[in-house]
Amino acid sequence: MNQSEVLVDQLKQGNQSGFTALVDLYQDMVYNTALSIVQNKDDADDIAQEVFVQVYLSVNTFKGESKLSTWIYRITITKALDHEKRKKRKKRLGFIQSLFGGDREERQHPVEFDHPGVQLEKKESASELFKALKKLPDKQRIAFTLQKLEGISNHEIAEIMNTSLFAVESLMGRAKINLKKILFNYYNEKISDR
Amino acid sequence: MNKKEKIDDLIEQALISADDIERAVVKPFLLTRINSRLNQSKETIWEKASRIIGKPSVAFSGLAMLILINVTVIIFNRSQPGPVAPEQSLQENIDEFSYTAVSTLYDFENSEQQ
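Line by line, the protein sequences give chains D and Y. Under numbering that gives the first Met the number 0, the final residue of the first sequence carries the number 193; numbering is consecutive throughout. Under numbering that gives the first Met the number 0, the final residue of the second sequence carries the number 113; numbering is consecutive throughout.
Note that these hints are calculated values from the structure, not bench results. The hints are all genuine.
When the alpha-carbon atoms are kept at most 30 Å apart in a straight line, the in silico DSS-like pairs for lysine-lysine are as follows: (1) K5/Y / K175/D; (2) K54/Y / K86/D; (3) K47/Y / K11/D; (4) K11/D / K26/Y; (5) K3/Y / K130/D; (6) K66/D / K41/Y; (7) K3/Y / K175/D; (8) K41/Y / K87/D; (9) K66/D / K26/Y; (10) K26/Y / K133/D; (11) K47/Y / K89/D; (12) K54/Y / K62/D; (13) K5/Y / K121/D; (14) K133/D / K2/Y; (15) K41/Y / K40/D; (16) K3/Y / K121/D; (17) K5/Y / K180/D; (18) K3/Y / K134/D; (19) K84/D / K54/Y; (20) K86/D / K180/D; (21) K41/Y / K86/D; (22) K5/Y / K133/D; (23) K2/Y / K179/D.
Computed list of chain Y residues with no C-beta within reach of chain D, every gap over 12 Å: (24) W45; (25) I51; (26) V57; (27) A63; (28) I66; (29) L67; (30) I68; (31) Q79; (32) P80; (33) N92; (34) I93; (35) E95.
Quick caveat, the model's predicted, so the values are computed rather than measured. Note that beta-carbon positions come from the ideal geometry of N, C-alpha and C, so glycine has one too.
With the hints as extra help, turn the sequences into a complete structure.
Here it is, written out as structure tokens:
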């Protein structure tokens with residue numbers, strides 16, 4: 000029995016120390032994945048809490064067909080994407096409210112994301128990359144984020160995304176092409192403006 | 000370096016900027032916050048029941064079921080013959096409504112005179 004199987008067993012028996020160990024083991028993974036997707040520290044913290052609550056409440060549905068980390072990655076990605084959808088809905092509502100004289104500040108100046116793990120000399124380039132990432136379709140973004148930022152192998156990404164290895168490679172290829180296009184347009188405009 | 004080469008260089012820099020990214024550190028006391036959320040999320044059996052009943056799909060199905068039961072009962076009752084009124088014989092009618100019958104206190108008192 001490996002460590003994660005022991006943890007799942009303890010959790011299923013309602014053992015609190017098992018839950019504490021699980022949070023200790025996976026909090027870094029969950030928080031960083033959520034942070035890369037939602038690009039906001041407070042939101043990532045909120046999602047991390049939601050993920051562990053979900054793990055605690057639905058551990059009995061975990062049958063052990065996949066790895067525990069794969070299951071937790073799936074929950075994290077789902078929660079992060081749901082969170083983004085909720086935020087977009089709120090933004091749309093905010094836009095409608097702004098038409099009737101509400102606050103337009105946030106809409107006109109979206110907050111730039113500054114990942115705390117990026118080296119100082121790469122901050123500007125990374126910021127552009129994260130901005131471009133936001134414009135990618137969800138699946139491409141998830142595949143790119145898991146591979147580049149989480150350092151997960153394509154095989155594991157395929158398991159997490161419940162797809163084939165070939166599909167992940169294809170998603171990665173398209174993600175890189177689209178990122179290059181988005182960044183080209185951005186830098187082209189920026190250089191032309193000077 | 001022309002414009003195209005400069006842009007390509009910037010794109011390459013942006014793409015590799017994520018290669019050696021370090022892990023972000025989680026805010027302290029995450030477990031405490033999770034436990035607090037867990038305590039909030041624990042609901043009583045009545046809250047659970049009202050949440051389930053409150054779901055539109057459950058509520059509409061329940062309502063549809065109630066209407067169906069009512070309609071079935073009405074149709075079933077209509078197809079059944081109603082209670083048959085007992086037939087009264089002519090003699091019974093005469094006995095009941097005959098003015099010769101003893102029906103008042105006065106008649107009882109004067110029955111011998113007739």
